[in-house]
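Put together the whole structure using the sequences plus the hints.
There are 2 protein chains.
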Amino acid sequence: MSLEIIPVKIDKEIEQNDDITELLLSSTSKPEIKDNDILIITQKIISKQEGRTVQLSTIMPSLLATGIGSEYGKDPRVIQKILDESKRIVRLNNGVIISETIQGFVCANAGVDESNVKQGHVTLLPKDANASAQKLRADIKKKTGKNVVVIISETFGRPFRIGQTNCAIGLSGISAISNYIGAKDTFGRILHVTEIAIVDELCSASELVMGKSLNTPIAIIRNYKFNDSLSSINDLLRSKYEDLFR
Amino acid sequence: MSLEIIPVKIDKEIEQNDDITELLLSSTSKPEIKDNDILIITQKIISKQEGRTVQLSTIMPSLLATGIGSEYGKDPRVIQKILDESKRIVRLNNGVIISETIQGFVCANAGVDESNVKQGHVTLLPKDANASAQKLRADIKKKTGKNVVVIISETFGRPFRIGQTNCAIGLSGISAISNYIGAKDTFGRILHVTEIAIVDELCSASELVMGKSLNTPIAIIRNYKFNDSLSSINDLLRSKYEDLFR
Numbered sequence: 002m003s004l005e006i007i008p009v010k011i012d013k014e015i016e017q018n019d020d021i022t023e024l025l026l027s028s029t030s031k032p033e034i035k036d037n038d039i040l041i042i043t044q045k046i047i048s049k050q051e052g053r054t055v056q057l058s059t060i061m062p063s064l065l066a067t068g069i070g071s072e073y074g075k076d077p078r079v080i081q082k083i084l085d086e087s088k089r090i091v092r093l094n095n096g097v098i099i100s101e102t103i104q105g106f107v108c109a110n111a112g113v114d115e116s117n118v119k120q121g122h123v124t125l126l127p128k129d130a131n132a133s134a135q136k137l138r139a140d141i142k143k144k145t146g147k148n149v150v151v152i153i154s155e156t157f158g159r160p161f162r163i164g165q166t167n168c169a170i171g172l173s174g175i176s177a178i179s180n181y182i183g184a185k186d187t188f189g190r191i192l193h194v195t196e197i198a199i200v201d202e203l204c205s206a207s208e209l210v211m212g213k214s215l216n217t218p219i220a221i222i223r224n225y226k227f228n229d230s231l232s233s234i235n236d237l238l239r240s241k242y243e244d245l246f247r
Numbered sequence: 002m003s004l005e006i007i008p009v010k011i012d013k014e015i016e017q018n019d020d021i022t023e024l025l026l027s028s029t030s031k032p033e034i035k036d037n038d039i040l041i042i043t044q045k046i047i048s049k050q051e052g053r054t055v056q057l058s059t060i061m062p063s064l065l066a067t068g069i070g071s072e073y074g075k076d077p078r079v080i081q082k083i084l085d086e087s088k089r090i091v092r093l094n095n096g097v098i099i100s101e102t103i104q105g106f107v108c109a110n111a112g113v114d115e116s117n118v119k120q121g122h123v124t125l126l127p128k129d130a131n132a133s134a135q136k137l138r139a140d141i142k143k144k145t146g147k148n149v150v151v152i153i154s155e156t157f158g159r160p161f162r163i164g165q166t167n168c169a170i171g172l173s174g175i176s177a178i179s180n181y182i183g184a185k186d187t188f189g190r191i192l193h194v195t196e197i198a199i200v201d202e203l204c205s206a207s208e209l210v211m212g213k214s215l216n217t218p219i220a221i222i223r224n225y226k227f228n229d230s231l232s233s234i235n236d237l238l239r240s241k242y243e244d245l246f247r
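Going down the list, the sequences are from chains A and B. Quick note: to get my numbering, add 1 to the position in the first sequence (first position is 1). Quick note: to get my numbering, add 1 to the position in the second sequence (first position is 1).
Quick caveat, the hints were computed from the structure, so don't treat them as lab data. Certain hints may be false.
Which copy? The list can't say, so a pair holds if one copy fits it or any two copies do.
[What the hints assert, rightly or not] Pairs of lysine-lysine, DSS-like flavour, derived with a Cα cap of 30 Å:
| no. | residue 1 | residue 2 |
| --- | --- | --- |
| 1 | K185 | K119 |
| 2 | K185 | K75 |
| 3 | K10 | K128 |
| 4 | K119 | K31 |
| 5 | K142 | K35 |
| 6 | K241 | K88 |
| 7 | K142 | K241 |
| 8 | K185 | K10 |
| 9 | K10 | K144 |
| 10 | K226 | K10 |
| 11 | K136 | K119 |
| 12 | K10 | K119 |
| 13 | K241 | K226 |
| 14 | K241 | K147 |
| 15 | K75 | K241 |
| 16 | K226 | K142 |
In this text the structure is predicted, and so the values were computed from the model without any measurement.
The following block contains the structure:
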């Protein structure tokens, strides 16, 4: 059966404590929510809804942030927030900061972002996007009676390959990994090592209808057969000690 | 408009010099090919069609391959093919070989794969999957009159994140990157750094209908608005010198 990826327009700039379920249900794109729909929601609106927006003028940069900002011609207040959101810096080169965030993601600028936010402000990643996904899923169940999956997405760069792709930073109601270990290939031989990060693939698929400036922060993926589980985003995070590239 | 991802079944085990266009058109899933369809085709059938299958009994492993095989309990003949397909080893640890392939991909085992192939054989990546994609696209145009995009996909692991995702290794008729540089965000501010690797996202989306053992080596993605270009897979390959993780 064909998979369908449906864009959902939200015509309002999201503010703190907005009701995302209500905005979804009242969208002009009138999406009908069905059981087993997979809702992919961009991090940006979750962060805004949760008040994870910071006014740069309120930030007092440390000497380290000032130094890094001076070295690379960057706003030291933004650098300060990147440091605040990071456990540690993994790479720092030519003004590119790759760090491990408090949540455990390895990405550029710790998810601190100046795009699609009011001038003089930055957005931060949700503190716990997995909890955000769980909460939103429960709210959708309450208001519609439908069992859906919620995945919160963010665009990350990659080593070795140019360009960003959309990845999962929080999820509820779906296994993060589709595990083919023990399954058989078309020759009847056991597949040993194939674990597909399907929630990342679902996020990548959703980006194709979202774009970056289109007021389309939500996509619905329909007809995808998934395994329900108590999986969390942590299932996707490779530890520093098992990582050949840190 | 919703995106549609349509699985295409091929009920025949692909052999060297099979006509993939004919097999596509005679598929029992009866896909109708339309202008601007994006065809994602898994590397495995391209490799088989191009004769990139090797019988292990014909391989004489070098002392290096024998040594690596002995150290990690692996078949030295498979190790030999991995070395043959690699420019250099990027990481070697606990039996995991990450190398840069002759084509420029950084991945595990240089794409040498024992799954979904006859016992005692391995498949190799296509020598030039970009050329394979161009050739197949021209053939589809000739036999159907339709202008389609062809992307050849392979599953790669990632640093930092557990699980593999499907990526592009060859493409024809589409820009590899969707470039938002110079575009404006919803606040009218210029976006500076957003380059999305959309061909990788399209491959990830296709994997959701392909699975690993389902005789579904092709997917059609319909209703995706893309930029045509003379783009090649090389647009996605970050050089060693610009890569912070090699």
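Results of checking the hints against the structure:
1. In this assembly of identical chains, K185 and K119 lie within 30 Å of each other by CA distance solely across copies; the values are 13 Å between and 52 Å within a copy.
2. Taking identical chains as interchangeable, the C-alpha atoms of K185 and K75 lie at most 30 Å apart only when they sit on different chains, with a minimum of 20 Å there against 52 Å within one chain.
3. Proximity of K10 and K128 under a CA criterion of 30 Å is satisfied intra-copy only: 25 Å inside one chain copy versus 43 Å between copies.
4. For the homomeric pair K119 and K31, the shortest alpha-carbon distance inside one copy (28 Å) is at most 30 Å, but the shortest distance between copies (50 Å) is not.
5. Taking CA atoms no more than 30 Å apart as the test, K142 paired with K35 passes inside one copy only; the shortest distance there is 11 Å, against 38 Å between copies.
6. Taking the shortest alpha-carbon separations for K241 and K88, both the intra-copy value of 12 Å and the inter-copy value of 27 Å come in at or below 30 Å.
7. For the identical chains of this complex, K142 and K241 are neighbours neither inside a copy (37 Å) nor across copies (48 Å), given an alpha-carbon limit of 30 Å.
8. Taking the shortest alpha-carbon separations for K185 and K10, only the inter-copy value of 18 Å comes in at or below 30 Å, while the best intra-copy value is 41 Å.
9. Taking the shortest Cα distances, K10 and K144 sit within 30 Å of each other inside one copy (19 Å), while across copies they are farther apart (39 Å).
10. Taking the closest pair of Cα atoms, K226 and K10 come within 30 Å of each other both inside a single copy (25 Å) and across two copies (17 Å).
11. Taking the closest pair of Cα atoms, K136 and K119 come within 30 Å of each other only inside a single copy of the chain (26 Å); across copies the shortest separation is 48 Å, beyond that limit.
12. Taking identical chains as interchangeable, the C-alpha atoms of K10 and K119 lie at most 30 Å apart only when both belong to the same chain, with a minimum of 20 Å there against 48 Å between chains.
13. Neither within a single protomer nor between protomers do K241 and K226 lie at most 30 Å apart by alpha-carbon distance, with minima of 32 Å and 39 Å respectively.
14. When the C-alpha separation of K241 and K147 is checked against a cutoff of 30 Å, the pair qualifies neither within a copy, at 38 Å, nor between copies, at 48 Å.
15. For a Cα distance limit of 30 Å, the shortest separation of K75 from K241 qualifies both inside one copy, at 28 Å, and across copies, at 26 Å.
16. Taking the shortest Cα distances, K226 and K142 sit within 30 Å of each other inside one copy (19 Å), while across copies they are farther apart (33 Å).
Going down the numbered hints, you'll see the structure goes against 7, 13, 14, while the others check out.
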